[in-house]
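Student: Residue-level listing of the chains:
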Amino acid sequence: MSKPWTRTVIRHGILIMGTLIMVLPLWIALMSSTHTPETLFKEGLQFFPGGFGWETYKAILGGNDDLSTPAWRMLWNSLVLGLGFAIGKIIISTIAAYALVYFRFPLATPLFWMIFATLLLPLEVRIIPSYEVVAQLELLNSYAGLIIPLIASATGTFFFRQFYRSVPGELMEAARMDGAGPVRFFIDILLPLSSTMLAAIFIIMFVVGWNQYLWPLLMTTDTDYYTVVIGIRQMFQTINEGGDLPQFNIAFGLTILATIPPVLVVVIFQRMFIKGLVETEK
Amino acid sequence: MSRVVIDGLGKTYANGVEAVKNISIDIADGELVVVVGPSGCGKSTLLRMIAGLESITSGDLWIKDQRVNDREPAYRDIAMVFQNYALYPHMTVFDNMAYGLKNRKLAKAEIEKRVKEAAKTLELSQLLDRKPGQLSGGQRQRVAMGRAIVRKPEVFLFDEPLSNLDARLRGQMRLEIKKLQRRLKTTAIYVTHDQIEAMTLADRLIVMNNGMPEQIGTPDELYSNPSSLFVAGFLGSPSINLLKATQLADGIALGHSQIATLSGKLDGDSAILGIRAEDLRLCSKEDADLILSVELVERLGSELLAVGVVKGSNERLSVRLDKSAQIDEGHELPLEINRDHWHWFDADTGLRNVDCYREAISEAVI
Amino acid sequence: MEDAFGLSSEFVGLRNFTDVLEDPEYVSTVLFTLFFSALVTFFSLSLALLLAVQVNEVLTGAGVYKTFLMWAYAIAPPAAGLVGSLLFSPLMGDLYNGINALGFDFNHTRDGSDAIFVVVLISVWKQLSINFIFFLSGLQGIPASVQEAARIDCPGSIKRFWTVTFPLLAPTTFFLLVINTTYAFFETFGVIDLTTRGGPAGSTTTLVYKIYQDGFLGADLGGSAAQSVILMLFVICLTIIQFRYVDKKVHY
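Residue numbers (our numbering), protein chains in the order written: chain D, 1 to 282; chain B, 1001 to 1366; chain C, 2001 to 2252.
Hints should not be assumed to be uniformly reliable.
[What the hints assert, rightly or not] Partial selection, computed: residues in chain B whose CB lies under 7 Å from chain D:
no., residue
1, L1053
2, R1071
3, M1080
4, F1082
5, N1084
6, H1090
7, F1094
8, N1103
9, A1107
10, A1109
11, G1312
12, W1344
13, A1347
The hints are simulated quantities; they were obtained by calculation from the structure and are not laboratory data. The structure displayed is predicted, hence computed values, not measured ones. Using N, Cα and C, we set each Cβ at its ideal position, and we do this for glycine too.
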């Protein structure tokens, strides 16, 4: 058996390694984004701040030859997608779970399950029909077309179903005695009871929505609707096409901008986020 | 005024199960009726039918001379105290009590007045800003009561409200419920599986079994004149002693292995004799109907309970004795049956039948 | 089958399916996807478990480590992909030259196995956080009394881990196996699209990536839809296994 302090040193050693591996790539990206493309091209990756940061981010946010859309516009689109996805998902899944748990339609039960079985599938496997539907509804290049098909999934419903089922039936009966109808009960009792869970799921869903990739990629051909994640892809294409001097600083900077909002949300609401993640996914 | 008439009430579920069969009782204004029975006997279903939480499939329910079969719970002018209290965990004590009143669109001042009043009665005034999570079991129970009181209902419904409390608190709350009900003079229907709770609280009792009322009456009536073996066995602690009686040529044999012999004649070949623990008395060896070998003595302070087997058999009986009785495990007690308080039941139907047994004429003369 | 302009389509029965299953390219895609998920799942799970156990044991700095180890959850896979591909890129040089200086002939844009290495590495990196979060909360969920009893019964800390702690983590591990497989199948799309684009020569094409390539770049909607159905069957199986197994076997 090794001595306690050597073990502690080993533990911290492993953890510091792990932390470095998780942090360094982003650190390099952040630092490199503050250098001129010439420096990056000549000297490679940068570990320390340079003097070009202001210019880089001004170019990204304000518009640049390599970016078809200024980043503020893409960030705005991402925000709309993240918030719209989170809010829509919560509205749909709380209402659907409420119906599932509290209302009995004997014949409709198998139907419900059929619908939910299909919705359980990731968007990727039903992407072709989803695309067709959205295209025919002429919703390509619109926020509605971007958000609604993503919301249509049963995962959130299951979280809430689980939670509602843990709410004692007596509570509903007491509310009925107190003269609360189905809507009152939902608004006055059920939603406030699940407030921490709502917040936790909101955070997770915001991050998931912000980071959506494949669907916005197919949906948005109009650059006005590009999200910042799609912007990253465009940047990647520009760099790989070669041509003049690749704008590495812009690529790194854009990545940083795409990463900061969801990372901040997760780090600030860490407690709630972990609780939501662990309790809902099980 | 708030008379509750239950007229042939029945509940049959969609799958054909009959949970409640044909119950009728006329509950007077201000009366406290306790429904008691083992779990699964349909007592909770009956209460929930009265509350409107379960639909009524046959019969009629009248509250204050109005037929309320099809009314929503909120419009039956009733209030219910639930087994697990069903307090809204995210609301303060005040809001818990006020919620029902707010939904009935009462004026704010009136709500406040009623809640404060109820809180005072229940000694909750200091706790109005707390949430249920910060309260003890007994306090939560009071809040649940308060929520019922503030509505000033015609009828209180209690669904095993004390079953989540410890024994001491249960005794105390039982008393308070009774006092409160007496003071408010509100008709109340109280469901429990605890026969002591039932006996102490009730003006009248309904003993239920298999969805049917076995007997309805005052606690005294039911204890001293149980209409069936079920009622006799359900009420009273320790349980009533039951012995099989068989007609012999020269008398009546008690027990499977003839632990005692009675003179007299049975109407038929056999019957069942029920004797309460207090109706077995110590006596001299000569007068004894039977001899009990004591296996266990429970000293309850005010009295003493002896459990044992009748000598030479494995028929087990319990006897209630005075606390001063000097007995111990292993002793043999000569016992006499109190013939004034014995209960005869038909062996086949289990129903009370006083005509089962006839004393021998010669003995009656002596 | 559809014509080039999508103007007419004919009913072809199961031909789309047989075409797909007989296509050697598709078969190699299936094999790669399985191989890739196995690698990603294994490495991200074991590294995450290693880190979670250390965080659970250290007395100082656990909170700081936790924050830095979990934050990558919030990073979009394409963002990780872009940074990763630039780090390894011959254009930027540093890592590229470093690896080649060690005597490897490394270039992830030209060599298939190098490309697989890069894609796996980035995918593992991106998935480490969520696994870490689950393992840590799983470890913290083990009652202290059980840990204490084990310390009395079993003096060796490594043996204690494998005989007591790890079996108690079984529900977490199983659950993570399922979501990591799903991750490797679906969410790595963004990583692959921004590092190798399925190349070189299809060596890093997963099933989802192929659906995208055939359906949206190659305009073979029929074949792509058939692939979707096959993929869907796979996901359904996975879900059924998850519900069955989690509900029955791994509960205490």
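Student: Would you settle whether the hint for H1090 of chain B is holds or violated, based on the nearest Cβ-Cβ distance to chain D being less than 7 Å?
Tutor: holds, 4 Å
Student: Using Cβ atoms only, decide whether F1094 of chain B comes closer than 7 Å to chain D, and label the hint accordingly.
Tutor: violated, 14 Å
Student: Please check whether R1071 of chain B passes as an interface residue: C-beta within 7 Å of a C-beta belonging to chain D.
Tutor: violated, 12 Å
Student: Is the hint on N1103 of chain B kept, meaning its closest Cβ partner in chain D is under 7 Å away?
Tutor: holds, 4 Å
Student: For the hint on F1082 of chain B, just tell me whether its beta-carbon gets within less than 7 Å of chain D.
Tutor: holds, 5 Å
Student: If you take the shortest Cβ to Cβ gap from A1347 of chain B to chain D, is it below 7 Å?
Tutor: violated, 43 Å
Student: Holds or violated: is there a CB of chain D closer than 7 Å to the CB of G1312 of chain B?
Tutor: Constraint on G1312 of chain B not satisfied, violated at 53 Å.
Student: Can you verify the interface hint for L1053 of chain B: is its Cβ closer than 7 Å to any Cβ in chain D?
Tutor: holds, 5 Å
Student: Does N1084 of chain B pass the interface hint, meaning its C-beta sits closer than 7 Å to a C-beta of chain D?
Tutor: Holds, about 5 Å.
Student: Does the interface hint hold: is A1109 of chain B within less than 7 Å of chain D, judged Cβ to Cβ?
Tutor: violated, 19 Å
Student: Checking hints one by one. Is A1107 of chain B an interface residue toward chain D, by the C-beta closer than 7 Å rule?
Tutor: violated, 16 Å
Student: Verify the interface restraint on M1080 of chain B: the C-beta must sit less than 7 Å from at least one C-beta of chain D.
Tutor: holds, 5 Å
This entry does not satisfy hints 2, 7, 9, 10, 11, 12 and 13, going by the numbered hints stated previously.
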